[in-house]
Amino acid sequence: MHELSIVESVVDAVTETAAAYPGARVTSVKLRVGVLAAVVKESLEFCWELATVGTPLAGAALVVNTVPVVVHCMACGRDTEIEGVQSFRCPNCGELAAELRQGRELEIESIEIEETDASPENALVQGQETK
Amino acid sequence: MTTRIVELRRGILKKNDELAAGLRERFTRAGVLVLNLVSSPGTGKTALLELTLRRLMQAGARAAALVGDLETDNDARRLAASGAPVRQINTHGICHLDAEMIGRHLDDWAGIELERLDYLFIENVGNLVCPSSYDLGEKIRVALLSVTEGEDKPLKYPTLFNSADAAAITKIDIAGPCGFDRELALHNINEIRPGIRVFETSAKSGVGLDEWLAYMAEQRKVLKG
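Sequence order for the protein chains is Z and P. The opening position of the first sequence corresponds to residue 974 in the working numbering, with each subsequent residue numbered one higher. The opening position of the second sequence corresponds to residue 8 in the working numbering, with each subsequent residue numbered one higher.
This is chain P alone, in the form it adopts within the complex (with noise of 0.2 angstroms):
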């Protein structure tokens, strides 16, 4: 009998890492600014998608988006109702969408151009752990919070929370109501990503789109260089 320790040093994820390379660098190259929105279930991302979508569209932006559940058509549906052509990923019991689920969906996509969209969003599967480990390709990785949630989701969540490029409060109008501490929010946020561009926002009233379209759109702008 010989032992023998044969060194591998390979990520584990690999074949995602590199078709999420691959994307990135389609969507580099299509200028188009890949968002992934990721949150707990009902923290509101479909509602602030609603209006992200609405409001780009009426600014006469392309704008389009995957969304990804386990079952059920019924976001693409709502969303669909922007005018932004939207399709369903259903993942039937994966509690995240990878790479190879994001190429396929677009592949496959009839009339869509990457070189025609201006924003292109991938709402992640509800679930504030798993989404943290597969690299979509996106340019922005968004991460969502409600108030009613309480603020020490960041705290609880930190591998999520630390791999955002910006963050998102929302349902900000009911802030009162629930006791909503957002100083603490803040600072918990700012305790686990340092330094990331945090929105309040509510797709009810409104609040926070203009902020949070401004900084978009000047993605955008780096991204075209």
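Here chain Z stands alone, though its shape is the one from the complex (with noise of 0.2 angstroms):
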């Protein structure tokens, strides 16, 4: 269970980039992570609440995209996606396969930010809105 400390760097990471965007709000985070990077997907959902609140980044959604593993064959030379983790077996030709070109990822792909016009008039219907 290292899933918080995980969302944890992701919050850091993503409230540094999100400084360059003063007022900018982060509306989601995008992940990629591999079927054998050890981590849970409905785990990191479920810590992402716990880490986010009460930061800058409270309310934003998380999305969690898979990434399947990716084989290099050295019998055929091929690469190749396999279903499951069960058996590092090339599909094509069956030999084992010792070399994963992909499945392995834990890392940010990008973040989605919502920036408000600038502009001072807006600015101020914005603070009478919310009085």
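Read the hints as simulated data drawn from the structure, not as lab findings. Check each hint, because a few of them may be wrong.
Each computed BS3-like pair below joins lysine-lysine, with the alpha-carbon atoms no more than 27 angstroms apart [as the list claims (entries may be wrong)]:
1) Lys146(P) <-> Lys21(P)
2) Lys21(P) <-> Lys1014(Z)
3) Lys146(P) <-> Lys228(P)
4) Lys231(P) <-> Lys146(P)
5) Lys146(P) <-> Lys163(P)
6) Lys1003(Z) <-> Lys1014(Z)
7) Lys22(P) <-> Lys1003(Z)
8) Lys1014(Z) <-> Lys163(P)
9) Lys1003(Z) <-> Lys21(P)
10) Lys1014(Z) <-> Lys22(P)
11) Lys22(P) <-> Lys146(P)
Residues from chain Z shown here face chain P by an in silico Cβ test under 7 angstroms; the list is partial [stated by the list, open to error]:
12) Ser982
13) Val984
14) Phe1019
15) Leu1069
16) Glu1080
Source: prediction; values computed, not measured. Just so you know, even glycine gets a beta-carbon here, dropped at the ideal spot from N, CA and C.
Could you use the hints to bring the two separately framed chains together as a complex?
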């Protein structure tokens, strides 16, 4: 159960990036997580809520895109996606394939931010609305 | 309102990966072979390491160990009986070791100089999931599995076994009474991590230790070029 510390690293990195856009709100964060990354999507989502509450990222959506495993087969030379992680065999020729081309990713792909149009009138209107 | 997508394409564990890369460089420069031992709690990492250290010390090799646990320094005290320098890392609840902990415990370890070591063992926290995400700068990650755990452990925890450079089956002396299917275990390891070396060991009887020590000596030679 190290998803909380992983999510905390995401929060730090996103907060750092978002600081370059003052006044903007982060609406979603997209992650790429390999099937072999040893983290559970549901756990990440659960921890995301806990880790963002009371921070500028509160309310932002977490989108976890799962990256399947792709093995490189030394026998037939092909790179092919495998289904499941119970046998690392080339689906084309059936040989065992020790080399991975994909599947261990654990990265932040992108964030989506919403910028309020920074003109003074807008700021005033917004200010009145919140009263 | 303007919506904007900002591309990051950044590793979540980037900080750990960078620290680990720095450690790996230091280890290589110092010529010390670093092994990260990973398994469930109770597999016998400490027992195998105890015997390994004892045998290495007897042979005049210079070995040291960092040992991770949530609490207590019981394992460090057990291992120190071998005469090798040993340091306990208590994670206080964290389920894995990370590169920062390794760097910190090496830096203020009085009397330890990497250049004066042949082998450094890192015994990870007993856990078959989380340690697979954290590179510690090791040269060799060893996944251990005992005969009491079942032959399908590699299939149940493929993320860890697939990241291993070598595997050790422990407690092989009680394989018979446990009804351990050796062939099936070897098959399963090979399905998950094709081609890795597998050692069948017993810390009680010493079986398999010669092969294990020879493998480490070989790997050290490769490291030193």
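*Closer than 7 angstroms between Cβ atoms is the bar; does Val984(Z) clear it against chain P? Give me holds or violated.*
violated (10 angstroms)
*Given the hint that Lys146(P) pairs with Lys21(P), does the C-alpha gap stay at or below 27 angstroms?*
Distance of about 19 angstroms is within 27 angstroms: holds.
*asked:* So if I understand the rule, the pair passes when the alpha-carbon distance is 27 angstroms or less; does Lys1014(Z) with Lys163(P) pass?
replied: Satisfied, since the Cα-Cα distance of roughly 18 angstroms is no more than 27 angstroms.
*Lys146(P) paired with Lys228(P) [C-alpha distance capped at 27 angstroms]*: Roughly 12 angstroms between the alpha carbons, so the hint for Lys146(P) and Lys228(P) holds.
*Does Lys22(P) pair with Lys1003(Z) here, judged by a C-alpha cut-off of 27 angstroms?*
Holds: Lys22(P) and Lys1003(Z) sit about 19 angstroms apart, inside 27 angstroms.
_Holds or violated: Lys1003(Z) to Lys21(P), with C-alpha atoms at most 27 angstroms apart_ = At roughly 16 angstroms apart (the allowed maximum being 27 angstroms), Lys21(P) and Lys1003(Z) satisfy the hint.
*Is the straight-line distance between the alpha-carbon of Lys1014(Z) and that of Lys22(P) 27 angstroms or less?*
holds (21 angstroms)
*At a threshold of 7 angstroms, is the proposed contact between Phe1019(Z) and chain P supported by beta-carbon distances?*
violated (16 angstroms)
*With a cut-off of 7 angstroms, does the beta carbon of Leu1069(Z) approach a beta carbon of chain P closely enough for the hint to hold?*
This hint holds: Leu1069(Z) lies near chain P, its Cβ roughly 4 angstroms from the closest one there, short of 7 angstroms.
*Given the hint that Lys22(P) pairs with Lys146(P), does the C-alpha gap stay at or below 27 angstroms?*
holds (19 angstroms)
_Given the hinted pair Lys1003(Z) and Lys1014(Z), is their Cα-Cα distance within 27 angstroms?_
holds (12 angstroms)
*asked:* Quick check on the hint: Glu1080(Z) CB to chain P CB, less than 7 angstroms?
replied: holds (5 angstroms)
In summary, the structure is inconsistent with hints 13, 14 from the numbered list given earlier, while agreeing with the others.
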